[in-house]
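Position chain B relative to chain A; hints supplied.
Each chain, letter by letter, is given below.
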Amino acid sequence: MSNDGGAGGTERDSTAVVGLDQRVPEFSVVTIPTPLVPSASSRWRTSMPKARKKVVPYAFIAPAVVLLILFGIVPILVAGVVSLTDLDIRGLGNPETIQFIGLDNYDRLFNDPAFWRSIWTTAFFVGFGVPVIIVVSLGIAVALNYSNSRFFRALRSFYFLPAITAIVAIALIWGNLYNSQFGLLNHLLDMVGIAPVGWLSDPETARVSVALVAIWRATGLNIIIFLAALQSIPQEYLEAAALDGAGRWATFRRIVLPMLHFAIFFVTVTTLIGWLQFFDEPYVLTGGGPVGSTTSISLFIFKNGFGLNQFGYASAGSIVLLAIIVTVTAVQLRLRREDHG
Amino acid sequence: MTRLTTHAKVGATALVAALTLSACGGTTAVDATGSPEPGTPQGPLTVWVMGDSGANLEAAVAPFTAETGIEVKVEAIPWDNVNDRLTTAIASGSGPDVTQIGLSQLASYIEGGALEDISGYIADYPNLDPANFPSAVSPDSMNPDGGVYSVPWVSDTRVLFYRSDILAEAGIDAPPATWDELRSAAETLSARGDGQFGYYIPQWDAPLPVAYAWQAGAELVADDGSIVLNTPEFNEAVDHYLGLYADGSVPTAGDFDQAIGFISGAAPMLVSGPYLANAIRSQAPDLEGSWGVTTVPANATSTSLFAGSNLGVWSGSKNVDASMQLLNFLADPETQAAWYEATGELPTANAAFDYAALTSDPLVAVYAEQLQDAKLLPISTAWDAASSAMLETLNSIAIGGADKQDALDALYARVDEINAR
Numbered sequence: 024m025s026n027d028g029g030a031g032g033t034e035r036d037s038t039a040v041v042g043l044d045q046r047v048p049e050f051s052v053v054t055i056p057t058p059l060v061p062s063a064s065s066r067w068r069t070s071m072p073k074a075r076k077k078v079v080p081y082a083f084i085a086p087a088v089v090l091l092i093l094f095g096i097v098p099i100l101v102a103g104v105v106s107l108t109d110l111d112i113r114g115l116g117n118p119e120t121i122q123f124i125g126l127d128n129y130d131r132l133f134n135d136p137a138f139w140r141s142i143w144t145t146a147f148f149v150g151f152g153v154p155v156i157i158v159v160s161l162g163i164a165v166a167l168n169y170s171n172s173r174f175f176r177a178l179r180s181f182y183f184l185p186a187i188t189a190i191v192a193i194a195l196i197w198g199n200l201y202n203s204q205f206g207l208l209n210h211l212l213d214m215v216g217i218a219p220v221g222w223l224s225d226p227e228t229a230r231v232s233v234a235l236v237a238i239w240r241a242t243g244l245n246i247i248i249f250l251a252a253l254q255s256i257p258q259e260y261l262e263a264a265a266l267d268g269a270g271r272w273a274t275f276r277r278i279v280l281p282m283l284h285f286a287i288f289f290v291t292v293t294t295l296i297g298w299l300q301f302f303d304e305p306y307v308l309t310g311g312g313p314v315g316s317t318t319s320i321s322l323f324i325f326k327n328g329f330g331l332n333q334f335g336y337a338s339a340g341s342i343v344l345l346a347i348i349v350t351v352t353a354v355q356l357r358l359r360r361e362d363h364g
Numbered sequence: 013m014t015r016l017t018t019h020a021k022v023g024a025t026a027l028v029a030a031l032t033l034s035a036c037g038g039t040t041a042v043d044a045t046g047s048p049e050p051g052t053p054q055g056p057l058t059v060w061v062m063g064d065s066g067a068n069l070e071a072a073v074a075p076f077t078a079e080t081g082i083e084v085k086v087e088a089i090p091w092d093n094v095n096d097r098l099t100t101a102i103a104s105g106s107g108p109d110v111t112q113i114g115l116s117q118l119a120s121y122i123e124g125g126a127l128e129d130i131s132g133y134i135a136d137y138p139n140l141d142p143a144n145f146p147s148a149v150s151p152d153s154m155n156p157d158g159g160v161y162s163v164p165w166v167s168d169t170r171v172l173f174y175r176s177d178i179l180a181e182a183g184i185d186a187p188p189a190t191w192d193e194l195r196s197a198a199e200t201l202s203a204r205g206d207g208q209f210g211y212y213i214p215q216w217d218a219p220l221p222v223a224y225a226w227q228a229g230a231e232l233v234a235d236d237g238s239i240v241l242n243t244p245e246f247n248e249a250v251d252h253y254l255g256l257y258a259d260g261s262v263p264t265a266g267d268f269d270q271a272i273g274f275i276s277g278a279a280p281m282l283v284s285g286p287y288l289a290n291a292i293r294s295q296a297p298d299l300e301g302s303w304g305v306t307t308v309p310a311n312a313t314s315t316s317l318f319a320g321s322n323l324g325v326w327s328g329s330k331n332v333d334a335s336m337q338l339l340n341f342l343a344d345p346e347t348q349a350a351w352y353e354a355t356g357e358l359p360t361a362n363a364a365f366d367y368a369a370l371t372s373d374p375l376v377a378v379y380a381e382q383l384q385d386a387k388l389l390p391i392s393t394a395w396d397a398a399s400s401a402m403l404e405t406l407n408s409i410a411i412g413g414a415d416k417q418d419a420l421d422a423l424y425a426r427v428d429e430i431n432a433r
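Residue numbers (this note's numbering), protein chains in the order written: chain A, 24 to 364; chain B, 13 to 433.
If you're looking for bench data, these hints aren't it; they were derived computationally from the structure. Predicted model, so just to flag it, every value in this text is computed and none were measured. Please note that a few of the clues may not be correct.
[As the list claims (entries may be wrong)] Taking lysine to any residue and the SDA-like style, the derived pairs with C-alpha atoms no more than 25 Å apart in a straight line are: (1) K387(B) with R195(B); (2) K416(B) with E227(A); (3) K330(B) with R113(A); (4) K416(B) with T228(A).
[To be verified] Covered by chain A, according to a simulated footprint, are these stretches of chain B (three or more residues, beta-carbon under 8 Å): (5) 116-128; (6) 253-267; (7) 391-400; (8) 408-417.
[To be verified] Okay, the calculated beta carbon distance ranges per label pair: (9) F94(A) with S400(B): 30 to 36 Å; (10) E119(A) with D141(B): 32 to 38 Å; (11) E119(A) with R433(B): 16 to 22 Å; (12) N93(B) with F205(A): 25 to 31 Å; (13) D141(B) with A346(A): 55 to 61 Å; (14) A67(B) with A146(A): 44 to 50 Å; (15) E361(A) with R433(B): 52 to 58 Å; (16) V215(A) with N93(B): 42 to 48 Å; (17) L93(A) with S104(B): 15 to 21 Å.
Idealized CB from N, CA, C, for every residue including glycine.
Here chain A stands alone, though its shape is the one from the complex (with noise of 0.2 Å):
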């Protein structure tokens, strides 16, 4: 996966911009002509008439443009189109009584405590959920590098489970472990003798259990691509600072960390936006309750748009989400850019 980004983006810092672009998929498709174009050409030269030179690099990326332009970039328009109307129900039946309302959407959004509600427990979601994985998996990762044994190969495994357990599976057995009449997690609490904890059923304990069922479900695929990325680190260079004396702590820091500067970018951007639309695990665990607590962006987007079939106030709501994520992204590459200079 990353590994070659990770090494190659030291090796060669200029090539490093392109193996990130490729990585992230929003980027992928605008940008790949750019590293394309000069090496096919150069090819093609000498046989292939100019306007065919023109054409065939656009041949290549057609049926990734015609894919993100269908179920990408469209949709975003309809519901842009979508988000300036009155559509509901009954406008779906008989679309003649649909009304274009300009913005009031947006209005009436930015003026539902209910909304800004979610933007603050998402705020909360991505505050706690983003670090602890990357933390966490970044943490995982490095302890089983340390050996290539059978042991740590099947901990890899281990690890890994979550990931590819079907998210109804999780949501039955994390309900069951948390629920507080007959839940395993507060019989074990009532065995050292710790009054019962409302896992699922207290507006704040709550939150923290569905980001832990999320964390928790999440560091596998971060795992796999953090340990990829250690793993193809050139021995040399701890060779290097084990010559210069440099110790465990010293090599972690002053070589590891920094070789692992693509990976960690690469996870943050996408754990962010993961988490930015926060959705499968307060949905199936506790469909946004008690009290509206667990409601992120995407869950309130959701009920009003298929819950309550207001899908112009959906709209709207999915259209602020993406301003967000893009406003989020965004800034973060331009980090990236003016960190690497």
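Quick look at chain B alone, frame taken from chain A:
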């Protein structure tokens, strides 16, 4: 898929049988089975049924197919996916011929234009006469804008479940019949100890506070169709709801399981539907005799919720006549009594309650009594939005600790905004 093919086979067999009969026996055979004139192309009908009743419905309509020659294709839709299927079908304009409609979703069906106005057909089908059904499901109350878009099929209501053994132990001889008796009984019962409660309020149950409002005598929808919550009656209902929490009589845990709570005795009283009785009977058969049901505790009234499902003909169906025949068949008291035996879902036809299958169960008499004093939730999508806001508000005060007056004022403002839409 196997279900469909089996059914196609059954249908084909029935068709072949009918043709053979009519070919060799002449008109007598056709008359005996009561089929319409041979040669009239009817059906096949596609029917949406919700939940896991698919196989039951196939069995239930077998006599109908045998009698009329109309083939019925049953498609079962999980309750969770109903709204998805509905919006998809409305947007694409392709639905079934006949559909089951959960009463809580009737407004969406009507406003989405998914249902055919069948008011012109009703008179031809004796089983569909509104006089056959409880007054709660009269055509007026189910079709706010006139017309007739659906007919009653199965009913469901909420009654008070109580553990007679636990109540007796606590010195309570009879189940509470009024709000005040309920409050004090619940308080007494919750004093049994830690983790013991007197009553249970499901935090997801939006109709419960509405039923309290009805019991307080509130009219929640004005004559002009706008929703009115800011009334003394509604406030009385709010106080009742919040009071049960303030007394410490109900669990605050959102994941409290009502069946487990009732069986273990942690929550020995609650308002629920017939499905809870079925759950108790199957999960704790040895509890038989130490629990019972009764009509809901009264304040100004003892009105409960009328829930259940209707049947309607999809708008633009090419088989309206055949669909109406199916609706008429399913509204037959005999069919409905058989349906109750197969699924435990209560009938809507009053006459069906006299069948042995229903009279043999003492609980059904209570359900039937409560159904006569039960109301439909208002049929409008604006109501759905107001109702979910109401539940959120009450829970935010009871569990989230929000200031009562602030939260209620915000709710009233929200309802004004919903009315203005």
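Within 15 to 21 Å or not, the Cβ separation of L93(A) and S104(B)? At roughly 19 Å between Cβ atoms, S104(B) and L93(A) fall inside 15 to 21 Å, so the hint holds.
CB of E119(A) to CB of R433(B), is that within 16 to 22 Å? holds, 18 Å
Cβ distance range 44 to 50 Å for A67(B) and A146(A), holds or violated: Holds: the Cβ-Cβ distance is about 48 Å, inside 44 to 50 Å.
Check whether the Cα positions of K387(B) and R195(B) lie no farther apart than 25 Å. holds, 23 Å
May I ask you to test the hint 42 to 48 Å on the CB atoms belonging to V215(A) and N93(B)? holds, 43 Å
Within 30 to 36 Å: is that where the Cβ-Cβ distance between F94(A) and S400(B) falls? holds, 31 Å
Within 55 to 61 Å: is that where the Cβ-Cβ distance between D141(B) and A346(A) falls? 57 Å Cβ-Cβ, so the 55 to 61 Å window holds.
Check whether three or more residues of the segment 408-417 of chain B sit with their beta carbon closer than 8 Å to a beta carbon of chain A. holds (count 3)
Under 8 Å between beta-carbons, do enough residues of the segment 253-267 of chain B, three at least, approach chain A for the coverage claim to hold? holds (count 4)
Mind checking the alpha carbons of K416(B) and E227(A) for me, to see if they're no more than 25 Å apart? The hint holds at about 20 Å.
If you look at each residue in the segment 116-128 of chain B, do at least three have a Cβ nearer than 8 Å to any Cβ of chain A? holds (count 5)
Does the Cβ distance between E361(A) and R433(B) fall inside 52 to 58 Å? Given range 52 to 58 Å: violated, Cβ gap about 47 Å.
When held up to the earlier numbered hints, the structure conflicts with hint 15 and nothing else.
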